[in-house]
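Position chain B against the provided structure of chain A, taking the given hints into account.
Number of protein chains: 2
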Amino acid sequence: MTRQELSRLIRQKQSYLCVGLDSDISRIPKHLLSQPDPVFSFNKAIIDATREFCVAYKINTAFYESRGIRGWESLERTLAYIPETHFRIADAKRGDIGNTAHHYAKTFFETFGFDAVTVAPYMGEDSVTPFLQYPGKWTILLGLTSNEGSRDFQLQKTGDGEYFYEKVIQQATQWGTADNLMFVVGATQDAQLSAIRSRIPEHFLLVPGVGAQGGSLEAISRHGLTPEGGLLVNASRAVIFAGNGPDFAEDAAAAARQYQQEMQACLEET
Amino acid sequence: MTRQELSRLIRQKQSYLCVGLDSDISRIPKHLLSQPDPVFSFNKAIIDATREFCVAYKINTAFYESRGIRGWESLERTLAYIPETHFRIADAKRGDIGNTAHHYAKTFFETFGFDAVTVAPYMGEDSVTPFLQYPGKWTILLGLTSNEGSRDFQLQKTGDGEYFYEKVIQQATQWGTADNLMFVVGATQDAQLSAIRSRIPEHFLLVPGVGAQGGSLEAISRHGLTPEGGLLVNASRAVIFAGNGPDFAEDAAAAARQYQQEMQACLEET
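Residue numbers (our numbering), protein chains in the order written: chain A, 1 to 270; chain B, 1 to 270.
One chain only, chain A, in its complex shape (with noise of 0.2 Å):
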C-alpha cells in the first residue's frame, strides 16, 4: 500500500486507528477456548467487529509465539483474514545484522505478507536497510516509546545535545524516505511529538499506546495530524479487551466506533 493509498484510506473512513491484536490466550473470553484455535475465533471476531472503524491492525508477534507453533498457525490464519483494504503491520521489532535482517525482511514481506515491520534500531544502518529494499513495503523504525524504560536511552542526551532517539530519527531518514519509512513515537509523549512532527513533516508516524497506556488522542492527533494524515494510532487491550463476556466483539466495536469518532472530529479540525 503506497502512502498516497493509505491517505486515502484515512480520508475516506474517517479514521486512523490500527487495531492492535495483542491477543492473550489467557485473557480472551473463556467461553472461545473450547473452539479448535480459541486466538483466531477471537480475532475473527475483533476483525469482523471492527473493520469498518480502522484502517489497519497490528499484529504483536509476542502474544503468538509465546504459544510456540500453535500459536504462529493462529497468526498465519489472522493475517490471511485480515481485509486487503487494510494495513497490515507485524509489530516484531527485529534487528540484527545485514545478512540476517534480510531474513527477517524476507519472513514479514514474503514469507507472511504483511505490509510493514517493526524494526529496532540499535545495530544501525546494515540491520534497518534490508527492510527498506522491497517495493511497495514500510519499516516502522523504533523512534520514542511510550514506556517507562523510554528514559534509560532514547531520552539521554548525546554530545550534541540532542535526544538519542532525535539521532535515530535523522540518521534514518537519510536511509528511507516518507513512502516506506515510519517511526513509532509513543503517545505519552505529547511535548515530543511536535518536535518530532517539525522534523519530518511528511512521515507517518505509528503511535501506540492511546487507551490502556493512558495517552490522550486528542493531543497526540493535534500534535501529529497531517494534511495527508500521517498518524496511524493504536488502540490494543482497549479495543479488543473492551468487554470479555459473551458480547465481548460488540463492546470492541462500540471502543473502535468512540474512536473513529474522536478521529472524525480531528481530521474535521485539521
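Each hint can be trusted.
Partial chain B-side listing against chain A, Cβ under 8 Å, derived: (1) G98; (2) T100; (3) K106; (4) A120; (5) G124; (6) L142; (7) E148; (8) G149; (9) G159.
None of these hints come from the bench; they were simulated from the model. Please read these numbers as outputs of a predicted model, since none were measured by experiment. The beta-carbon is built from N, C-alpha and C at its ideal position, and this holds for glycine as well.
The following block gives chain B in isolation, referenced to the frame of chain A:
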C-alpha cells in the same frame, strides 16, 4: 545452567566455542534437500560432528522464521536434539515494553526451553527485566556489535563523553548480575573489548564475528578471557559451511576442532 557450571564446562572441554546454527536452507548441501526436514537433518549432522569441541549452540531465529511454520518446526527439532550438556542460546534480539517482553521471555524460556536469549536494549529497563526474572536463565544484552552499523548509534558519544554502548552496559549491570546477564560484544572491536572487560570483570561476554565476520580469536581471548572463562566465542558460517559436499559434517568438525585447539592454547596462557 549456572555461571559455575558454565565455567566448569569450559575447563573440562578446554573450549569456549559456541557454534551458531545460522542454517540458511539455500546454503546447506543440496543432497539434504530431499530429506523431510532438510534444515534439521543438516543441524543434526553438524551437532553430531561438533558437540565434542563446543560448549554452546546458538540458534539464530531469523533463519528459521523466514521459512514460516516449517522453520519453527526445524527449530523445535533442533533444540530438542542439542545435548543437555550444552548451553543453548536463542539469538532472537527481542525487545518490547514490559507486558510484551514477558511474552517473549516465555517464548524462549518456557515454550521452547533455551538457557539464554539475546535481547535488544533500545526500549530500556522494563523491556529487559522480564527476561532477568527467570531463575536459572540468562539474558544476553546487545552491547557493542561487530557490524558496520554499530557506528551509527552504539559508538556515538553521550553528553557524559562515554560511548552509548558503555551507557547501555553500565545501566544494565544495575538490572542484572554476572549470574543472569551476559553482553554481546563484537569480535571486530578489540580496542573496546579490553575496556569492557575492565568495567565488567565478571560478566560473560558472547562474542560473535570470528571467522566469516573477520575477528581474531587470539586478540579476543587475550582481552576477554578471565580465570573463570568469561567468554563464549561464536562461529557460525566458518564452522557450519566449512564444506558443502557429502563430507560437510567432517569439514565442520575439523573447523570446530581447530577453534577448540586454539582456545585450549589461549586458556593455558590465562
